[in-house]
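Chain residues, written in single-letter form:
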Amino acid sequence: MRKSFLSENPSVLWFIAALGLFTLMVTLLSEATGAGLISTSFVKTLGKTLCLCLIAIAMDVVWGYCGILSLGHFAFFGIGGYAIGMWLMYARTEGIVLESLSGQTIPPTPQEISDAIGNQIFGVVGSSEFPLIWAFADSLVLQLLMVVLVPGLLALVFGWLAFRSRVTGVYLSILTQAMTLALSLYLFQNDSGLRGNNGLSGLQNIPGFESTPQSTIAIVFFLISAAALGAGYVFFAWIVSGKMGSVIKGIRDNEARVRFLGYHVESYKLFVFTITAVISGIAGALYYPQAGIINPGEIAPIASIYLAVWVAIGGRGRLYGAVIGAAFVSLLSSWFTGGGAPDINLGFYTIQWTDWWLVLLGVSFVAVTLLFPKGIGGLFDYLVRKQP
Amino acid sequence: MSMLLEVSGVSVSFDGFRAINNLSINFAPAELRAIIGPNGAGKTTFMDIVTGKTKPDEGHVIWGDKNISLLGMSESQIAREGIGRKFQKPTVFEDQTVRQNLAMALKNPRGPFAVLTHKKTAKNAARIEAIAEEIGLLDSLTRPAEELSHGQKQWLEIGMLLAQDPRLLLVDEPAAGMTVEEREKTTDILRRAAETRAVVVVEHDMEFVRRLNCKVTVLHEGSVLAEGNLDHVTSNQQVIDVYLGRSHA
Chain A
67 MRKSFLSENP
77 SVLWFIAALG
87 LFTLMVTLLS
97 EATGAGLIST
107 SFVKTLGKTL
117 CLCLIAIAMD
127 VVWGYCGILS
137 LGHFAFFGIG
147 GYAIGMWLMY
157 ARTEGIVLES
167 LSGQTIPPTP
177 QEISDAIGNQ
187 IFGVVGSSEF
197 PLIWAFADSL
207 VLQLLMVVLV
217 PGLLALVFGW
227 LAFRSRVTGV
237 YLSILTQAMT
247 LALSLYLFQN
257 DSGLRGNNGL
267 SGLQNIPGFE
277 STPQSTIAIV
287 FFLISAAALG
297 AGYVFFAWIV
307 SGKMGSVIKG
317 IRDNEARVRF
327 LGYHVESYKL
337 FVFTITAVIS
347 GIAGALYYPQ
357 AGIINPGEIA
367 PIASIYLAVW
377 VAIGGRGRLY
387 GAVIGAAFVS
397 LLSSWFTGGG
407 APDINLGFYT
417 IQWTDWWLVL
427 LGVSFVAVTL
437 LFPKGIGGLF
447 DYLVRKQP
Chain B
-10 MSMLLEVSGV
0 SVSFDGFRAI
10 NNLSINFAPA
20 ELRAIIGPNG
30 AGKTTFMDIV
40 TGKTKPDEGH
50 VIWGDKNISL
60 LGMSESQIAR
70 EGIGRKFQKP
80 TVFEDQTVRQ
90 NLAMALKNPR
100 GPFAVLTHKK
110 TAKNAARIEA
120 IAEEIGLLDS
130 LTRPAEELSH
140 GQKQWLEIGM
150 LLAQDPRLLL
160 VDEPAAGMTV
170 EEREKTTDIL
180 RRAAETRAVV
190 VVEHDMEFVR
200 RLNCKVTVLH
210 EGSVLAEGNL
220 DHVTSNQQVI
230 DVYLGRSHA
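For the record, the sequence lines run as chains A and B.
Residue 67 is where the first sequence starts when you use this note's numbering, and the numbers rise one by one after that.
Residue -10 is where the second sequence starts when you use this note's numbering, and the numbers rise one by one after that.
Source of the hints: derived by calculation from the structure; they are not laboratory data.
There may be inaccurate statements among the hints.
[As the list claims (entries may be wrong)] Derived EDC-like pairs (lysine to aspartate or glutamate); straight-line CA-CA distance at most 16 Å: (1) K204(B) / D230(B); (2) K78(B) / E74(A); (3) K78(B) / D4(B); (4) K96(B) / D161(B); (5) K108(B) / E276(A); (6) K309(A) / E160(A); (7) K309(A) / E171(B); (8) K96(B) / D128(B); (9) K112(B) / D154(B); (10) K42(B) / E70(B); (11) K78(B) / E321(A); (12) K109(B) / E122(B); (13) K174(B) / D220(B); (14) K109(B) / E74(A); (15) K204(B) / D220(B); (16) K440(A) / D84(B); (17) K96(B) / E136(B); (18) K44(B) / D4(B); (19) K42(B) / E74(A); (20) K78(B) / E122(B); (21) K55(B) / D37(B).
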């Protein structure tokens, strides 16, 4: 069955080949494993970009294929990041605390160790107690489970309530914005248990690999991210092909008709919403160890809107379009806002791209939506169709 | 004879306007029926009630051999019970092929996980081809539905209804916008379908109804005004006054 699925969708093979080639090139040019032409920080940027591509294809499935314009999927991305960040921070702090206490003549009690770790982590918000949500923070396996379960459960409950009431269109978009805003505001509070606006930091240090250089850690995370994107791509391509894809696209184009065909539309929407939320969580869990820090600002409403912009610019309803959009726009964004683009001096006014990039992005979004509704990915259709 | 669908004493109001007023109407397991009536007679609302889109204020809608009530069931449940509906405007999935449209409608398990693990079988392919042949689209199976002509889209939608294998087909103005030959073909499809199931056609066009040559129910102001063969109802003075009188004057 898998064979027939791939042979019916040659674009999946093309994508995997391109991704493999890209991964190989970066590996060969990186500092840790190759010629050293690509700096470690740029390897991290590329690895993060792959994670953004992964959440972008999830967004494309929920919006481009199923027609649910969710403006809250970055909340799931952030939750995935927080879930893995809790373990990273706990385990690393535990290591440091144990080392500093090891010189004492009287061995420290478990309570003393716990207090010392709590003090290290929560001192910044004036506390040393471990909140309840950190109950599993000492277990990598359980926190990895949280990466999947928490976004999945939140999406399941939220989606069930919203779809059951037949909230659709712009109203659903507003609800999802409210969800991510509420989560972000909650996390900004110092007593949220996740260090308020400080967020979780030092996530680039992987416990157990203290002596491994960052260049190696960077390339390992890059490779894992590439594998995750490849697997996610094949998984979503499988979902949207075949009969499931027919039903999902049918819901996008005419929900009522699908209902009268006997399909329980709400179950399908809930399935798509939840599965994409889970993949978004996984993408976040891979992103933040490469970013090194996560704070509540990451899941502000604007982040989820950017996500929709990437997918729209890349081309909705085609998975490679979402990848192109996310990679292109996010890399361009860091180039412009990172001072890479030279300022333009007009004599009477200097265009500083750090300020004007957003204007440029906004204009391109409007232009793409009005002039090229199929986005950059639509160019491929054009090229393919031109061939005899 | 036991009835397939019994609608009795159904009323529904929208903002004080009584769209359906104490309507009672029955359908046998295998019959072809035309429902006619002027605009606002309640034809579409009647279909909305039977298919679960609109909940009536009062009355009963009883279905099938087990006499279950359709009220309180969702649209998709009612569709799975065996009631298919064709909309007035042809609504097929434009960017999917004829085969995909038919495959989606084909009677198979409807749950997300059954659909996700659905495998193409020779049996399903044969059913799709048989239906495509019936509606005259066998040569167009791989074409996207958006490329079809208006009439072909109407047939595709009827084909999707047949693929659902319903016991009752509700068909809203199937002949609208069709050429004379297309109408003839549509009539044939519907009459053949009615040999094994109930087919209810809502229609404005008297010529098309005459060609169907079946029992006719005239709706007016949300209830049944007259019922019988076409000649019988068209000679009814009340029907002439409210409906025919206006269009044939």
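Here is how each hint holds up against the structure:
{"no.": "1", "hint": "K204(B) / D230(B)", "verdict": "20 Å, violated"}
{"no.": "2", "hint": "K78(B) / E74(A)", "verdict": "33 Å, violated"}
{"no.": "3", "hint": "K78(B) / D4(B)", "verdict": "26 Å, violated"}
{"no.": "4", "hint": "K96(B) / D161(B)", "verdict": "21 Å, violated"}
{"no.": "5", "hint": "K108(B) / E276(A)", "verdict": "49 Å, violated"}
{"no.": "6", "hint": "K309(A) / E160(A)", "verdict": "50 Å, violated"}
{"no.": "7", "hint": "K309(A) / E171(B)", "verdict": "30 Å, violated"}
{"no.": "8", "hint": "K96(B) / D128(B)", "verdict": "22 Å, violated"}
{"no.": "9", "hint": "K112(B) / D154(B)", "verdict": "15 Å, holds"}
{"no.": "10", "hint": "K42(B) / E70(B)", "verdict": "15 Å, holds"}
{"no.": "11", "hint": "K78(B) / E321(A)", "verdict": "15 Å, holds"}
{"no.": "12", "hint": "K109(B) / E122(B)", "verdict": "19 Å, violated"}
{"no.": "13", "hint": "K174(B) / D220(B)", "verdict": "23 Å, violated"}
{"no.": "14", "hint": "K109(B) / E74(A)", "verdict": "13 Å, holds"}
{"no.": "15", "hint": "K204(B) / D220(B)", "verdict": "10 Å, holds"}
{"no.": "16", "hint": "K440(A) / D84(B)", "verdict": "14 Å, holds"}
{"no.": "17", "hint": "K96(B) / E136(B)", "verdict": "25 Å, violated"}
{"no.": "18", "hint": "K44(B) / D4(B)", "verdict": "14 Å, holds"}
{"no.": "19", "hint": "K42(B) / E74(A)", "verdict": "38 Å, violated"}
{"no.": "20", "hint": "K78(B) / E122(B)", "verdict": "23 Å, violated"}
{"no.": "21", "hint": "K55(B) / D37(B)", "verdict": "22 Å, violated"}
Checked against the numbered hints listed earlier, the structure breaks hints 1, 2, 3, 4, 5, 6, 7, 8, 12, 13, 17, 19, 20, 21; every other hint is satisfied.
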